[in-house]
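Take a look at the letters that make up each chain.
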Amino acid sequence: MMDFVHGALATLVLLTLVKSAPIVYAALGGVISERSGIVNIGLEGMMTGGAFAAVVASYATGNAAVGLVAGVAVGALLGFVLGYGATKFKVDQIVAGMGINLIASGGAAYGLVLLFNQPGASPQVHALGRWYWLLILFAFVCAFALHHVLYRTPWGLRVRACGENPRAVTSAGLDPLRFRLYAAVISGALAGLGGAFLSIGEVNIYSEGMTAGRGFIALAAVIFGRWTPWGATGAAVFFGFFEALQFVLQGRVAWLPSEAMQALPYLAALVALCGLVGKVRAPASDGVPY
Amino acid sequence: MDLDVSAGEIHALVGENGAGKSTLAGIAFGSIAPDAGTVSAGGTVGLVHQHFELVGRLRVWQNIMLGREPRKGWHVDTNAARARVAELARRNGLPIDPDAFVDELAIGIQQRVELLRELEREPSVLLLDEPTAALAPAEIDAFFGTIVQLAARGTAVLVVTHKLQEVINYSKRVTVMRHGKIVAHFETAKTSVDEIARAMVGGNLPAVAARAATAPSPCFVADGLFAGESETAIAGIGFAVRSGEIVGIAGVEGNGQTTLADAVAGMIPYRGTIHIGGNAGIIPQDRNKEALVMNWSIVDNALLGRQHTPRVRHGLLLDRNVARADAQAIVDRLDVRCATLDVAVKTLSGGNQQKLVVGRSLFGEPRFVLAYNPTRGIDVGAAALVQSRLIEARNGGAAVLLISFELDEILAVADRILVMYRGAIVGEFERASVDRATIGRLMAGSR
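Protein chains in written order, with the numbering used here: chain L, 1 to 290; chain V, 1001 to 1447.
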């Protein structure tokens, strides 16, 4: 019995790290874009784009590292689309984000048929193998780096000012739209990295719907973490824990159907956010075109 | 048009709303490109905005040093930044805590931050766009005290304003604009408020409506009123406003006026009793936040608050024709200048927005009117119009409660004056027996 508990606990801890990492990446992406004033509801699509691009590039080159780079690049590209639309054309950020989600999931589904001639999932490709542990560690390095950039550097101060009152940034003789565009691109790159981790890190294929709402869970983590890098990281790990718990309990708790168990992380997100109602404040100009 | 401002001079630029003052200031600052002509400045130009361009959730030093952060390697050198702000504040005689968060500061102190941010760039020309619109009287004096010192040290100052008393008190020369043109130049020492006002409106000021004799009877009664908390709470306030009477509440901003107005308007909970004998019209303090939906048309805004009355509502539907006719009546009566009734109110100037709010609140002849700073931030012509409409409502038998930070406005309009200090009423005066000096002392808290 004790062995079983120990084994389950060790599994739970390791699995929590594995399940948290992609959410951490996407949540950090959410933090930087929202702190600059762009609501990034397209995190889910950027993850999908990153996951699919990573598999395609790994398939084409036989090199998982190239896949990783491709995932980041496609995420950044989608981030650029959001940022450019939000700054240059002042489109509604929610609509643009949803558009990115639809394009990414539809594009990946079409790509599966076009490139691999098989709907639903890609063939197996070269994955990162043991390197993916490094990628888990790197997620927390990113959190540290983002905290440092936002709170200690001039660039971070300006990004935060953009999210609060872009007119103040203009008064200081700077262009807030440039900061927002850069923030959106970085946001997409981070989400793309999280997506690539899902497809060529955890497993070695792309299957349709594999992001499974993690981009939205990451958005919840941004709010739960009060728009701070460490807060969002902690919240992402919290949600990752419930995803891991769901795996560990799978088949061990007979009376609960597995579908109900799979809803655990989403339920956790819902409860966490309900408990926060009225207690958190978004950046003042978050989602407001300038 | 030609305008020159000399080093060491405070030059006032006055004109009604929409006369082109802000455009001229924007061109001088460089944020608006001129269609033709040139602007030259002997050095850099700083601009203090009417609505402060600050980041509330950043610290004072972060706001001031934004864009010019001292660096240490990759980082902001926070100690150097704080020291620079402290030194800047000391040099200009504007004491400030560099580490305070801006949104926790009083309005007057926030303006100090905005001013310091511009001064950090050591401008040789300083533009002030309606700098005192949001300030209390004491803050205004302190603010101009600083500006006078700045000018004495050689900065050229251009003040865009429509508060003529400030022009007389502090400027050296005055330029008057009307409809995008300069219509007059004055040496301040050789002119008067009346002369400037006539130049602004292009003729004589519209006369404020005459007061007709009325037969006052009780209409509004507040008794034992407690509301709010801490510094802006009101405690045990009781007074009556009779129909056919304007009661003015005088006081320095922050002495509980907002709490009183919110309690009377039913927006916050209170203890005690408030009795209002009839329908009420309310002119809130902040037209942006409390009165208008900026993206809606004039028709829809004019309808707001009356949408359930039988006049415009037939079953589940609104009668758009009546709503439009009512909006037209309001626009006509208050002289709201607009292209059509369908433009969004955000496209109107501040003065015209305020006239719309006043017109709406007076529509349908309310028995009681609450007017909280009804002429704040609007030009003299519009202010006279608004005051006239309030007096006409009084003449027609309405009870009007006027809360204003401008003592002159209260003296001009009110039948009876109550002085508010620290949440209590500390004095009462009849119109016939007003003593300005005594009111001033009571407002400042001394007997």
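Be careful, since some hints might not be right.
Stated by the list, open to error - Listed below are the simulated DSS-like cross-link pairs for lysine-lysine, each with C-alpha atoms no more than 30 Å apart in a straight line:
| # | chain 1 | residue 1 | chain 2 | residue 2 |
| --- | --- | --- | --- | --- |
| 1 | L | K88 | V | K1346 |
| 2 | V | K1346 | L | K90 |
| 3 | V | K1163 | V | K1181 |
| 4 | V | K1289 | L | K279 |
| 5 | V | K1190 | V | K1172 |
| 6 | V | K1346 | V | K1163 |
| 7 | V | K1289 | L | K88 |
| 8 | L | K90 | V | K1190 |
In short, the hints are calculated from the structure, not lab data.
Hint by hint, here is what the structure shows:
1. With a C-alpha separation of about 23 Å, the suggested pairing of L/K88 with V/K1346 holds against the 30 Å cut-off.
2. Of the pairs offered as hints, the one joining V/K1346 and L/K90 holds, with about 18 Å between alpha carbons and a cut-off of 30 Å not exceeded.
3. Restraint check: the Cα-Cα separation between V/K1163 and V/K1181 comes to about 19 Å, which is no more than 30 Å; the hinted pair holds.
4. Between V/K1289 and L/K279, the direct Cα distance comes to roughly 22 Å. Compliance with the 30 Å bound is thereby established for this hinted pair.
5. About 10 Å separates the Cα atoms of V/K1190 and V/K1172, which keeps this hinted pair within 30 Å; it holds.
6. With a C-alpha separation of about 23 Å, the suggested pairing of V/K1346 with V/K1163 holds against the 30 Å cut-off.
7. Between V/K1289 and L/K88, the direct Cα distance comes to roughly 28 Å. Compliance with the 30 Å bound is thereby established for this hinted pair.
8. Simply put, L/K90 and V/K1190 have alpha-carbon atoms about 51 Å apart, too far for the 30 Å limit, and the pair is violated.
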